[in-house]
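Chemist: In order, the protein sequence lines correspond to chains A and B.
Going letter by letter, the first sequence gives residues 1 to 519 in this note's numbering.
Going letter by letter, the second sequence gives residues 1 to 519 in this note's numbering.
Honestly, I wouldn't trust all of these hints.
Any copy will do: because identical chains look the same in the list, a pair fits if it lies in one copy or spans two.
Stated by the list, open to error - Computed list of lysine-lysine pairs in BS3-like fashion (alpha-carbon distance at most 25 Å, straight line): (1) Lys143 <-> Lys369; (2) Lys51 <-> Lys126; (3) Lys110 <-> Lys18; (4) Lys170 <-> Lys448; (5) Lys33 <-> Lys70.
Honestly, the hints are just simulated from the structure, not real lab data.
Protein chains: 2
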Amino acid sequence: MVASSAVPWEVQAEKCRKVLRDSLNPAWLLPAKQLPPATQLNVSTFFETCKLLSTRELEITATSAVELVKQMASGALTAVETTTAFLKRAHVAHQLTNFATEFMVKDALKAAAELDAYFKATGTLKGPLHGLPISTKEHIGHKGRIAHSAYVAWIDNIAEDDALLVQLCKKAGAVFHVRTNEPQSVMVSLKLPIFGSKLTSQHIDCSNPIYGTTVNPHNRALTCGGSSGGEGSSLGLHCAALGIGTDIGGSVRVPAAFCGAYGLRTTALRNPYQGVCIPGSGQESVRCVISPLANSVEDLNLFQSAVLDQQPWDIDVTLVPLPWRRIEPYQPGQITIGVIWDDGLVRPHPPVTRALQTAVTKLRETGVKVVNFEPYNHQEGFDIITALYFPDAARTQKDILAQGGEPVAALTEYAFSVSRPEPLSIQENWVLNSRRDVYREGYHRTMKERGVDMILCPAYVGAAATLGSGQYFLYTAIWNILDQPCVTFPTGLIVDPAIDCVEVGYKSRSAVDEIVQTV
Amino acid sequence: MVASSAVPWEVQAEKCRKVLRDSLNPAWLLPAKQLPPATQLNVSTFFETCKLLSTRELEITATSAVELVKQMASGALTAVETTTAFLKRAHVAHQLTNFATEFMVKDALKAAAELDAYFKATGTLKGPLHGLPISTKEHIGHKGRIAHSAYVAWIDNIAEDDALLVQLCKKAGAVFHVRTNEPQSVMVSLKLPIFGSKLTSQHIDCSNPIYGTTVNPHNRALTCGGSSGGEGSSLGLHCAALGIGTDIGGSVRVPAAFCGAYGLRTTALRNPYQGVCIPGSGQESVRCVISPLANSVEDLNLFQSAVLDQQPWDIDVTLVPLPWRRIEPYQPGQITIGVIWDDGLVRPHPPVTRALQTAVTKLRETGVKVVNFEPYNHQEGFDIITALYFPDAARTQKDILAQGGEPVAALTEYAFSVSRPEPLSIQENWVLNSRRDVYREGYHRTMKERGVDMILCPAYVGAAATLGSGQYFLYTAIWNILDQPCVTFPTGLIVDPAIDCVEVGYKSRSAVDEIVQTV
């Protein structure tokens with residue numbers, strides 16, 4: 001990485017913004033006066049009325065990835081049509097939510113045209129992702145393009161190659177059309193009174209000094225979540241057929257949940273992580289994963305099978321050499337689902353509890369056995385994962401920020417402050433690794449003892465956090481420290497203040513709970 | 001672990017020796033005058049003439065594990081007969097090589113009798129390891145017995161449970177009858193002039209202050225190798241149908257190679273490591289594996305399938321959930337073997353080169369394609385693995401030695417001295433992890449580019465090291481840093497000074513090479 005401390009941070013950041021501006025196709029941008037007013041919070045249905053997208057384009061962008069591929073295989077749809085539709089939608093969406101860091105219009109349309117030529121010549125698809133536009137979180141490398149991971153000091157870093165996962169998707173026929181925003185520190189936002197820190201009103205959400213803040217398309221007073229926040233907006237607004245983010249504590253699942261998309265966290269060492277630009281490579285105590293966002297479970301499955309059927313472990317030998325499993329869907333009577341209504345540390349908000357109740361009712365109606373699941377010591381999981389996030393006392397990150405010279409958001413400081421003030425020794429790190437393994441084994445054993453096959457729980461304490469509010473993310477991060485696969489999915493419900501009433505007389509359990517209950 | 005610093009180390013060590021003495025069945029020990037004289041170096045054929053074992057017992061102990069199970073399945077052999085035969089042989093072998101730390105006569109015969117009763121009642125075997133006596137390296141836990149890992153400070157540590165792998169073997173019908181010796185520090189012996197250390201004439205081989213030195217049954221002036229040295233002697237002398245050791249740099253394969261047995265190093269996180277007593281738990285940069293020794297490839301396969309068919313990953317969730325693969329044996333024309341004649345750092349001795357030549361000739365005769373393989377930067381592998389063995393500057397181990405108060409062998413100091421004098425920081429450890437992954441990927445890519453499916457190379461620079469000589473173990477350790485599976489196997493050849501001539505005029509490449517060429 002090339003540090004650029006000699007240049008003022010604003011100059012460096014402006015470089016990136018120019019790349020973004022220059023990457024836009026002016027023909028697909030609406031004049032400011034045609035955009036919804038800043039006071040209009042829900043912009044998710046703006047596309048239908050904005051007149052930039054044709055009916056056909058609206059149809060295409062509302063179609064699942066699985067169905068789009070089917071249509072391309074039948075010759076009813078071309079890759080250029082598909083890519084154009086998603087590109088146009090992404091342009092408008094960017095004007096609404098500020099979710100993009102760079103469009104790749106020319107490359108995407110060229111790739112799409114080549115796919116169409118291939119199909120015309122052979123009558124077959126290039127691969128299982130043929131013609132599907134995919135958006136990617138900024139720090140996932142694209143050859144010849146900047147990859148900075150929201151660090152100003154890294155703005156002169158040009159990716160020498162596509163990230164391995166991008167390469168595999170391209171081999172499967174995918175088209176990459178837009179790159180998306182992430183917060184400073186690339187952590188899921190975190191705001192907790194730990195180690196004596198005092199709360200402030202500042203935040204990061206999905207915000208950084210380079211591109212500013214990405215907002216939630218369903219309510220622009222809310223955050224899109226983080227850290228794959230741009231991906232949340234992208235999939236929530238159907239700007240891409242699939243998206244790729246990274247997740248070390250909920251960074252794929254939280255933005256998917258906030259924006260109404262599906263987010264998968266695979267187990268570690270499943271998808272190839274090579275070519276992701278991130279500080280602290282070689283940290284293996286809590287492994288970050290790279291995984292998809294989509295608009296259906298079937299689309300997540302399509303992505304995973306397209307990637308793992310290429311046996312990426314024969315290139316990246318760190319990966320587990322395990323094929324993507326094709327299993328027959330379980331019959332309802334075959335599985336037992338345990339429900340975590342409340343992790344015992346921070347109580348979910350009323351709309352979340354109502355969504356869970358609805359899901360449980362639906363599951364029971366189909367014949368699935370659903371039981372309550374008392375969480376297995378989530379405090380222990382919290383203590384381990386927060387100690388392991390920045391075991392070097394975040395010196396790696398702080399050094400890069402110091403090199404860049406950009407302002408450091410208070411919530412970045414918070415994120416770092418979950419670590420001990422001084423770096424852990426290697427021996428202390430080992431002890432935490434061992435505690436982690438004991439915790440994993442204990443959790444798994446407990447599930448088996450209770451006869452529970454999978455767990456249904458909130459993705460977050462609320463429907464989505466307001467911009468500037470604190471975030472408690474253990475409902476997702478617990479599965480990171482356990483290294484369990486999980487999916488967040490929309491319930492189809494929306495918050496209704498008339499029925500989602502705050503419990504009267506609830507006494508908060510802790511300072512963190514207090515904050516979460518009152519935002 | 002309970003430290004016992006208040007008690008003199010000799011008193012603690014004597015506790016263990018008493019356990020060993022009390023565990024012997026006097027009826028199976030030979031009077032000193034019936035033993036070979038100390039000057040007789042090769043004791044490997046003593047059993048045939050010692051008259052303690054019947055012809056039938058000699059037959060049983062010369063039979064492969066696979067065949068023993070077949071005989072028990074047909075009713076031609078009982079578990080008690082089998083266990084008794086191996087127990088008797090192990091008693092004599094212990095008098096010859098000092099390889100045992102504890103016999104488990106009563107438990108083993110009780111388990112065997114239960115197996116026989118089970119077979120009588122049901123007509124079926126308990127499992128695929130039914131009635132097979134297995135020896136285990138001392139630091140592999142057995143419920144209710146001491147597990148000290150050759151550290152005096154840990155002598156009061158009583159295992160609360162069998163190690164998970166022992167449990168799985170018992171479920172598969174195995175019998176555990178003897179536990180075996182290991183060197184101080186439980187490292188493969190290492191003696192290299194690094195960081196300015198001066199060579200001395202001291203060594204550890206398979207020696208510790210508790211039980212003393214285990215020697216090589218084929219030549220008692222040579223070491224049995226380490227660190228699973230007792231296991232090497234055990235399998236080399238057919239004292240067990242199978243053995244279990246641990247390997248972080250060659251600790252299963254070196255003793256197997258030195259003693260004429262087969263040794264498998266699985267990839268990491270394949271067999272469950274839970275219940276191994278070892279300092280530095282939580283160290284994950286170079287993972288130690290627990291894996292079998294045997295007297296044939298088929299027996300190694302039997303062990304692995306018996307263990308992995310039980311899906312241990314459903315108990316120890318750190319394990320890779322990958323079944324043991326049943327593959328049809330390759331046809332000779334389907335595979336290409338690359339031969340490493342010399343790793344470029346230290347040249348193998350003439351008998352080793354002759355053994356390789358013999359193997360290559362035999363392989364070519366069967367139609368296998370064999371090509372020379374230029375090693376892919378083994379110096380880089382060496383630099384990474386030596387830095388990662390004791391990244392805490394061996395403080396963990398030194399503290400335990402200080403607690404115990406026992407004398408520290410010079411070669412233990414050497415083993416520790418490969419680490420930097422001061423502990424690495426967590427960030428330095430991360431950098432090494434990343435280098436390791438880059439090296440792994442590069443090695444794999446190179447093999448693929450050259451069309452090489454597997455590599456044949458020396459297990460060690462010589463046939464076996466003399467007691468007190470230096471050891472260079474990168475020929476095995478390179479596969480640890482690469483985390484590749486490998487097997488050492490006997491060639492059937494023996495050293496012949498008449499034909500294994502030292503090259504005249506060879507100029508050594510380095511101080512290490514010089515030492516190895518002149519021992």
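Chemist: None of the hints should be skipped; say for each whether it holds.
Modeler: Here's how the hints hold up against the structure:
Within a single copy, lysine 143 and lysine 369 get their C-alpha atoms no closer than 49 Å, and across copies no closer than 39 Å, so neither meets the 25 Å cut-off. For a Cα distance limit of 25 Å, the shortest separation of lysine 51 from lysine 126 qualifies neither inside one copy, at 33 Å, nor across copies, at 73 Å. Taking identical chains as interchangeable, the C-alpha atoms of lysine 110 and lysine 18 lie at most 25 Å apart only when both belong to the same chain, with a minimum of 22 Å there against 79 Å between chains. Taking identical chains as interchangeable, the C-alpha atoms of lysine 170 and lysine 448 lie at most 25 Å apart only when they sit on different chains, with a minimum of 22 Å there against 40 Å within one chain.
Proximity of lysine 33 and lysine 70 under a CA criterion of 25 Å is satisfied in neither setting, with 39 Å inside one chain copy and 85 Å between copies.
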